[in-house]
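Asks: Could you use the hints to bring the two separately framed chains together as a complex?
Chain by chain, the residues run as shown.
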Amino acid sequence: MSTSEAAVREQLTRALQERDEEIADRWVALQLEQALLGTDISEAELREEADSLIDALVPGLESDAPAERVVTSHPGLHQAVVGLSLRRARSGATPTATSLAVLALKEALLKAVQRETRDAEELFATAVFINRLLDVAGALSFETYVEGREEIIRRQSQQLMELSTPVVRLWKQVLAVPLIGTLDTARTQIVMENLLQAIQDHEALVAIIDITGVSTVDTAVAQHLMQTVNAVRLMGADCVISGIQPSIAQTIAQLGIDLSTILTRATLADALAAAIKLIDGPGPGGDEGESR
Amino acid sequence: MTQPRPVGVPILRLGDVLVTGLLNELDDRAAIAFTEELTARISAEGARGVLIDISRLEIIDSFVARTLMELTTVSRLLGARVIVAGMRPPVAITLVELGIELVGVETALNPEQGLAALGWRQAQEPLGGSRRGAAR
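Chains as they are written, first to last, in our numbering: chain A, 1 to 292; chain Z, 1001 to 1136.
These aren't lab readings, by the way, just hints derived from the structure by calculation. Incorrect hints may appear among the rest.
Facing chain Z, a subset of chain A residues (Cβ under 10 Å, in silico) [stated by the list, open to error]:
{"id": "1", "residue": "Met-192"}
{"id": "2", "residue": "Leu-195"}
{"id": "3", "residue": "Leu-196"}
{"id": "4", "residue": "Gln-197"}
{"id": "5", "residue": "Gln-200"}
{"id": "6", "residue": "Glu-203"}
{"id": "7", "residue": "Ala-204"}
{"id": "8", "residue": "Leu-205"}
{"id": "9", "residue": "Met-226"}
{"id": "10", "residue": "Gln-227"}
{"id": "11", "residue": "Asn-230"}
{"id": "12", "residue": "Val-232"}
{"id": "13", "residue": "Arg-233"}
{"id": "14", "residue": "Leu-234"}
{"id": "15", "residue": "Met-235"}
{"id": "16", "residue": "Ala-237"}
For every residue, glycine included, the Cβ atom is placed at its ideal position computed from N, Cα and C.
Extracted from the complex, chain Z is given alone in its bound form (with noise of 0.2 Å):
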């Protein structure tokens, strides 16, 4: 169900909302080339939401985390929303012990509670799964 990518992440469509993860070997160059793709999915298919898994992560440097900042600020700009779902606790704990603090960047604890907060509601339960991000 997922199609090979160059970067080795899948970029998944639901709906106008684009899911994707990122995985624990990620150098600076695949961090370019996911914010290339990603970006040129965003504007050619006019999503409106991005989701990006980010539990398989291991460790954030100062390098991703800029990169995820800059991914929304882009995103915004192309009129979409991007969620960062599932850092792990070490994660937090480092990125705030460095300084960063994914200024802009919204979180959600899980990927369904992302989902949610991008209007992909469950059945019975209300809006509203969304964490907002580090200070904004």
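Only chain A is shown next, with the shape it has when bound in the complex (with noise of 0.2 Å):
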């Protein structure tokens, strides 16, 4: 570390420490200021954030790590870095507004270093250091709150996976998987497993699948439901597929997937009508009453 960066830490050190109810307050008015906030952060919060941040920077200062690392070595200013910008990322501010927010205590730290010394030079090299110090800080701040949101995401897909995928039973021995949304290879995968542990644990014989509140059927979501109901055979069910809407009737027949094997209702009502009939006995044609 050359002497004078020793220096301009042991002055910033000195500012922060005797100056810091003032840049707090500067970093909080300049926030509030430039309208970074986008969301209801109150005063007395940014104010508890600005704190911890500042009592975090004097220890920081204090290490021997170059002015680029000290943000990502010192675990407190980490610590305090990161937890301002998860806070800002869950109460939805844009990731701009967020390291910006951050970037502002530069000004804030300059303006109290200002009052210190009018030396140009000693100012110069201060500023230097501060942007070093602080961009980074920036950057952590950026990046913290792209995974805050990420895990935000992941959280409610994983929600939206346990919600969509209830196996109900109708009646005896039969059983209904409502779907809804869009079907792709991990829900079907979800959708799957449920149902055939279900049918193994009612010992069911009739699976309905209902699609009412399926929006769009590709080749890709065909495919899917075809696997579904040939594993719900393999098991030794039947299946039925109901609420099938006139325009991916339509749209089925366009692509040209074959559905034919599989026993198709309009409507869960029918199809449960239909299932009731299949356990009721085929009839006097044996087996083949039950063909679809």
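Replies: The following block contains the structure:
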């Protein structure tokens, strides 16, 4: 560490210790002024964030790490920046606003140092140092923000997955799966697992897959449906698909998807009637009564 | 009540139906031996139906799947109807994902329903527990 940098650090530390109130005030004011918040974070909360970050800066500066690495290498400081960014991400601020808010601290710091000294050289050195120090913080906050958002997205899709695949028992030995939304490989997998397990548990003879809530059917979705139906049949149960919308029926016909081996009904009610008929016995014709 | 067999799997006769099952440790050699023994028994005893319980199988590879399909065909030629009963959900999923659909093999949820389909009915229940297998 060069002597000038040591001097700069010392000066900065002193400014931080003596004028922490002032810096925090200015930082909060800057953020409010630049309208960087997008959402309603109260001034008190901002103040709290500012205090904790500024408190963490002092021990951070005491470490030997070069300016660019102070923020990432000091655990307390790192934590403060990450915490701030995550809070902003959760409350819906934009990533730009979040990192700009962190960068606004530069100006607040520089102002404080300016009070201490008027020497141009010294001020310049300090400015460079502060830039190095806090640019990293800005980048880190951006990164954290994105991670925070991704985590929210992951959690939501997980919740959606759990919500979207109930297996209900409609009748003695008849199960139904109402499907809603878009079918993809992952969801089909879960639907299939749940359905087959339920068939085994309930000793069900017929499974109805209701696709009233499925908005579009393409070849991939049809493929998934066929797979599910085949798996159900391998288990020794029968499968009925219900709730195919007219527009979807047209799409299926236009795409040339062959669902002819699958028993289909227009509504869930019809499918249930068909299922009960299947269970109550095929009649005198033996198994032939079940042909579809 | 079961006789030891070279394959390790007993084949029981209930009237004109043969009842057997497959164990998890089924290698290719055992599968072939099983097929041979079963077809020999069908022809020797004039069986009309065969029920194979596969609830102990935790995995069905392409070889076992093919063996089952061949067994169905051979048995049909010998005049017996084969029903495979009790496939586990994970096995069904794996088979479907591998694109093996056990064409022509009849399936049943459990041995009881399989037997019902082969004509062994319970006192009050009507015939018709059978569920057809994968795409015909």
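Asks: Each hint: holds or not?
Replies: Cross-check of the supplied hints:
no.	hint	verdict
1	Met-192	holds, 6 Å
2	Leu-195	holds, 8 Å
3	Leu-196	holds, 3 Å
4	Gln-197	holds, 5 Å
5	Gln-200	holds, 6 Å
6	Glu-203	holds, 6 Å
7	Ala-204	holds, 8 Å
8	Leu-205	holds, 7 Å
9	Met-226	holds, 9 Å
10	Gln-227	holds, 5 Å
11	Asn-230	holds, 5 Å
12	Val-232	holds, 8 Å
13	Arg-233	holds, 5 Å
14	Leu-234	holds, 4 Å
15	Met-235	holds, 5 Å
16	Ala-237	holds, 6 Å
The structure shown violates none of the earlier numbered hints.
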